Amino acid sequence: MRPLKNEETVLVFTKLKKYIGSNVRALLERSDGLYCFRLHNGRIYYVKEDIMKFAATLPRDNIVSLGVCFGKITKGGKFLLHITALDFLHPYCQNKIWIKESAEQNFMYGNHVYKSGLSRISENTPKYAGVVVLSSKDIPLGFGVAAKATAECRHADPMDIICFHQADIGEYVRNEEALI
Amino acid sequence: MADTDSSQRVQEILTQATEELKSIKVPNDDQLEYDLGNLLVSNNNTLDETLTRDPEKIDSYLHNLARDSIQALLNRVWELPSERIDSDIYATLPKPTTRLPREKPVPKPRPPTKWEKYAREKGINNRKKDKKVWDDVLKRWVPRFGYRKIAAEKEKNWVKEVPSNADPFEDQFAKAAEMKKENVAKNEFQRLRNIAKNKKIKVPSVGVTGNEYASKNELSMAMHHAKHATASRGKFQPELPNEKKVKGLGKKRKIEFTTGSGQVEKKRNIEVLEKMDKPSLNLDGAIHKEIRDENVAMDLKRKGGKVYGRRSKMGGRHRTKSDHKSLKLGTGFQGKGKGKGKGKGKPKGKPNVGAKKKIGGPKMQGKGRPAGKGKMKGKGKGK
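Residue numbers (full-length UniProt numbering), protein chains in the order written: chain X, 1 to 180; chain P, 1 to 383.
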């Protein structure tokens, strides 16, 4: 476990900014205490400082996880967000997609969102912006990348992909052993 | 019928599940000893000998025992006050009661100084010296050091002999004081050198501290520093044949502490964030470049020269054709006027048609140009 280097910090923040924009600052400046980012076994954790200090007393090999895992840094040097980060992306996200009830299951099995399943999309979503996918009852289901801008969606075919799947809460069941 | 079948099946599955899942209630959990601060539970009861002797049953017996104890421990932990942070539940543990062995290793003894090492090699033993010594001159016991030693010294050495080979006008007292000072400084240096050696700090071997037994590395380092102590930082220093570059002068990577100051880390993160928001533009540099380009353009316009898009790679000032001519004729180059007027009603070096009429105004630099296109020199005060 160690703090992020500046390059890693930039890597993480650029990815987070795609979803929550300038609200990244809100993750750093919290009223309920100090929070920090830590790298452990190639994964980025967002953790309260007190808890991190407790965890630092344990041998590195024995730590499985601490705080909330935001994602991992791949061997290729990219940062991938994990579904566990959804709790923090959802309240701050700027672009949202609501999907129909009939398409929820499809999305939760790890498929992209098609135009046919699209219920609503927030205004002025640019192409390739990070979006949080919500159910029709406003429950966050996961997140992805907008494949089309809001204006383009209107003229899309029913089978056109609107949002590329990145993570969904179905992973808590499908992928349980890999989630930390 | 189908309904009763399915309900039976459900009942079966439920009973099976309850059988598989063991109860969280542990019998005789009062007999265990708990130390919740360390999350430790210990069972002091004697083991069942018939089971422990049986190689087939011992594993499951011990496994069950351990499981029950941990279940009992966790039951106690759940009773503790807890709070919820980020959808995780954290229990506040009481103070540990079991004393654990120390976490850090026992501190190492102080490494021997250079003298101590030498003394051990030579087998020199420190004799315990008396605190007081007999002084033949004063006829009494005098402290070897410390309180009243200086006073005794002064009493004893009220007069000093001038050696036959010494300068008769030399102050022997001052000389003794100087010697003493140097001795103290030498001791201090040696003390610091011992500390530095133990902490593996590099002591500069360059300059005044000169080390006559300097190693090859130290000498090459000294040479490196000497070579680079020029105005151009050694850029134009000739290389010796087969000269090797000194190693270990690179920048070391700085690693942040895992549990360093959280505020500092937060500040660093916010700095990174702010840097990302800013466009990567050197604003100061861009402004200066713009001002300079404007100045050059204005200057050239005033002189009537051709405005070139790019500056000459040769550097130097911008000169018009007439400037070159005047240079040849020996009338000199008048330099750039200041392009940016600073206001306050003092137009600087602007082509002024009415300038002719002003008496006592700025000096005209006539260069055979048509009237009205004359130039004012730099700091003229146009009324």
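A portion of the hints provided could be inaccurate.
[What the hints assert, rightly or not] Distance condition first, Cα-Cα at most 16 Å in a straight line; then the derived EDC-like pairs of lysine to aspartate or glutamate:
(1) X:K78 - X:E29
(2) X:K5 - P:E256
(3) P:K267 - X:E29
(4) P:K267 - X:E49
(5) P:K266 - X:E101
(6) X:K137 - X:E101
Derived from the structure by calculation, the hints contain no laboratory data.
If you're wondering where the values come from, they're calculated on a predicted model, not measured in any experiment.
Verification of the supplied hints:
1. X:K78 - X:E29: violated, 25 Å
2. X:K5 - P:E256: holds, 8 Å
3. P:K267 - X:E29: Holds, at about 10 Å.
4. P:K267 - X:E49: Satisfied, since the Cα-Cα distance of roughly 14 Å is no more than 16 Å.
5. P:K266 - X:E101: With Cα atoms ~41 Å apart, P:K266 and X:E101 exceed 16 Å; violated.
6. X:K137 - X:E101: holds, 9 Å
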